[in-house]
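Colleague: Here is how the chains run, residue by residue.
Number of protein chains: 2
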Amino acid sequence: MHLSFLSKVQNVWASRPAMAATPISASVLVFPSMHKINPLSARWSSYPKLTSPAAAPALVQPETDVNGMPQFLSKLKFSQDGLVAVIVQHIDTGEVLMQAFADRAALNETLQTRLATFYSRSRKGRWCKGETSGAFIHVHKVFVDCDRDSIIYLSDPIGPSCHTGARTCWFSETSLSVDGVQEAGDHTHHADHAPQTTLLSLEQTIAKRREAMQQPSEGKPSWTARLLGNPELACKKVREEAGELCQTLEKSEGRERAASEMADLLYHAMVLLNLQGVSMEEVLRELRRREGVSGVVEKASRQAKPQ
Amino acid sequence: MHLSFLSKVQNVWASRPAMAATPISASVLVFPSMHKINPLSARWSSYPKLTSPAAAPALVQPETDVNGMPQFLSKLKFSQDGLVAVIVQHIDTGEVLMQAFADRAALNETLQTRLATFYSRSRKGRWCKGETSGAFIHVHKVFVDCDRDSIIYLSDPIGPSCHTGARTCWFSETSLSVDGVQEAGDHTHHADHAPQTTLLSLEQTIAKRREAMQQPSEGKPSWTARLLGNPELACKKVREEAGELCQTLEKSEGRERAASEMADLLYHAMVLLNLQGVSMEEVLRELRRREGVSGVVEKASRQAKPQ
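Respectively, the protein sequence lines represent chains A and G.
Taking our numbering as reference, the numbering of the first sequence is continuous, increasing by one, and the terminal residue is 307.
Taking our numbering as reference, the numbering of the second sequence is continuous, increasing by one, and the terminal residue is 307.
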């Protein structure tokens with residue numbers, strides 16, 4: 001039962017509304033495909049609330065009816081309250097989406113339904129994330145740490161993971177400077193103070209340069225802004241950097257140069273993605289889709305490329 | 001004082017021993033730079049234990065001496081035990097390295113020293129990670145979640161984060177199939193059952209194909225194996241895929257095609273990196289190094305490229 005339920009939920013997610021339009025530069029006339037959206041505003045904005053009246057799968061078996069479940073649960077180190085910590089991580093982007101706690105029943109249910117389920121300490125009971133909001137979290141894999149008291153749900157969320165509507169629960173950054181402790185950030189501007197790993201941080205920097213181009217500026221444009229304003233140059237650079245990456249191998253330029261040229265290629269290619277409104281999350285999702293599929297079979301499954 | 005301490009620690013890390021050599025294929029003769037190491041074996045293997053006799057910074061101020069610190073700490077929701085959960089995440093790869101708990105004193109110390117510090121529930125006291133092993137964790141940024149009871153230390157580790165010597169604390173995967181609950185993985189083969197997000201998972205797949213090439217096989221080689229065995233083909237494909245990514249913009253082929261071509265380019269470029277023993281972590285580290293540096297200034301700072 002829960003499988004058809006899941007595919008229903010996934011269909012709703014797949015058909016989510018297109019991302020909102022933002023103004024563009026004039027070069028759209030030259031490159032008609034240059035997209036009008038900012039991929040970051042899509043990635044970071046609140047997802048639409050799903051209105052599905054879905055209830056949690058009703059057919060969860062008690063742990064004693066599942067082969068090996070009581071043994072697995074008994075090997076965990078639950079706290080005095082009967083809980084272990086659970087970290088929910090995005091399978092594609094690596095973002096930490098939320099952290100909560102689970103009891104035996106919640107882990108049993110999560111393993112069976114593959115929907116992130118917890119024990120709510122405030123409500124003192126079972127909590128299947130998304131049951132009321134529609135923002136379920138699809139759990140791909142479950143991991144237990146070395147001390148057996150901390151769990152990772154490696155997951156694909158189908159909506160915002162935070163009850164505020166933000167993409168993740170962390171949007172408040174604390175720093176210490178000579179002036180003392182400062183805290184910044186709120187859920188309405190989630191991206192500004194979220195824990196961004198390097199790739200996401202680079203993507204956001206490119207998106208911010210794009211946004212800044214909407215404002216008049218007298219300063220010399222950044223290299224990113226020049227690329228964004230000149231798609232022909234961006235394409236030229238992507239081809240050039242690909243060649244330079246190849247040369248690191250062909251001319252034995254060394255590991256350091258190879259890492260540097262790959263960084264160049266990645267950055268320029270990400271500018272090209274921004275111009276088309278494509279996020280790295282979408283690229284990673286596509287790479288995951290192909291995982292375990294033979295390259296030859298995968299290639300054959302695609303539509304013919306435009307000539 | 002702690003700043004010079006940190007730079008000392010970082011120097012030790014920078015001068016860590018080179019990665020171990022593994023056998024290579026014959027094509028090394030054609031491409032002399034093709035590296036003899038598997039980047040994954042480096043990324044996933046245990047780091048060398050640092051032997052620095054470093055002690056924790058001694059000059060941590062009490063919270064009441066730091067402007068804004070008592071106010072910040074008082075806004076957190078500590079448990080009855082006086083703790084909040086802390087998740088340590090790798091700033092470049094996004095890996096969740098470890099999860100522990102912190103009290104007021106640990107957070108105060110972490111913000112001041114920028115070394116990940118916790119409250120050890122087993123030892124019932126202060127725990128600066130790395131103080132005995134040398135495997136300190138450098139904290140770049142600190143984030144508080146929406147409920148103010150869960151913290152992220154966005155970090156750069158200088159050694160293994162797990163007390164077992166594994167890269168992270170999660171190397172045990174639990175799954176449920178028709179046969180019941182299965183658990184797999186141990187710290188000596190960390191990568192096999194670690195929570196791998198899409199990019200790291202792809203990197204590992206490529207590395208596994210490379211390893212498999214050392215064994216005789218009668219089956220048809222995978223596309224990845226063909227690329228790994230033919231660096232000329234791999235270079236040709238990287239140039240070709242870069243061109244196809246550019247065409248998605250130039251010929252308005254649409255967002256889906258752009259994501260797909262970027263996935264192609266990324267995959268082929270990562271094969272090229274594997275051939276040179278370069279990990280994505282190194283590429284991401286290089287991208288982070290450039291962050292906040294003007295592209296023009298950064299370019300000028302590099303050595304002249306070999307012609």
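A few of these clues could be false.
Given that identical chains are not distinguished, each listed pair holds provided it fits within a single copy or across any two copies.
What the hints assert, rightly or not - EDC-like, lysine to aspartate or glutamate: derived pairs with alpha carbons at most 20 angstroms apart:
| hint | residue 1 | residue 2 |
| --- | --- | --- |
| 1 | Lys124 | Glu281 |
| 2 | Lys251 | Asp103 |
| 3 | Lys124 | Asp81 |
| 4 | Lys220 | Asp156 |
| 5 | Lys141 | Glu286 |
| 6 | Lys251 | Glu240 |
| 7 | Lys236 | Glu183 |
| 8 | Lys124 | Glu240 |
| 9 | Lys208 | Glu256 |
| 10 | Lys124 | Glu218 |
| 11 | Lys124 | Glu253 |
| 12 | Lys75 | Glu173 |
| 13 | Lys208 | Asp147 |
| 14 | Lys251 | Asp149 |
| 15 | Lys220 | Glu291 |
| 16 | Lys124 | Glu232 |
| 17 | Lys208 | Glu281 |
None of these hints come from the bench; they were simulated from the model.
Colleague: Of the numbered hints stated previously, which ones are contradicted by the structure, given in increasing order?
Modeller: 1, 2, 4, 7, 8, 9, 10, 11, 13, 14, 16
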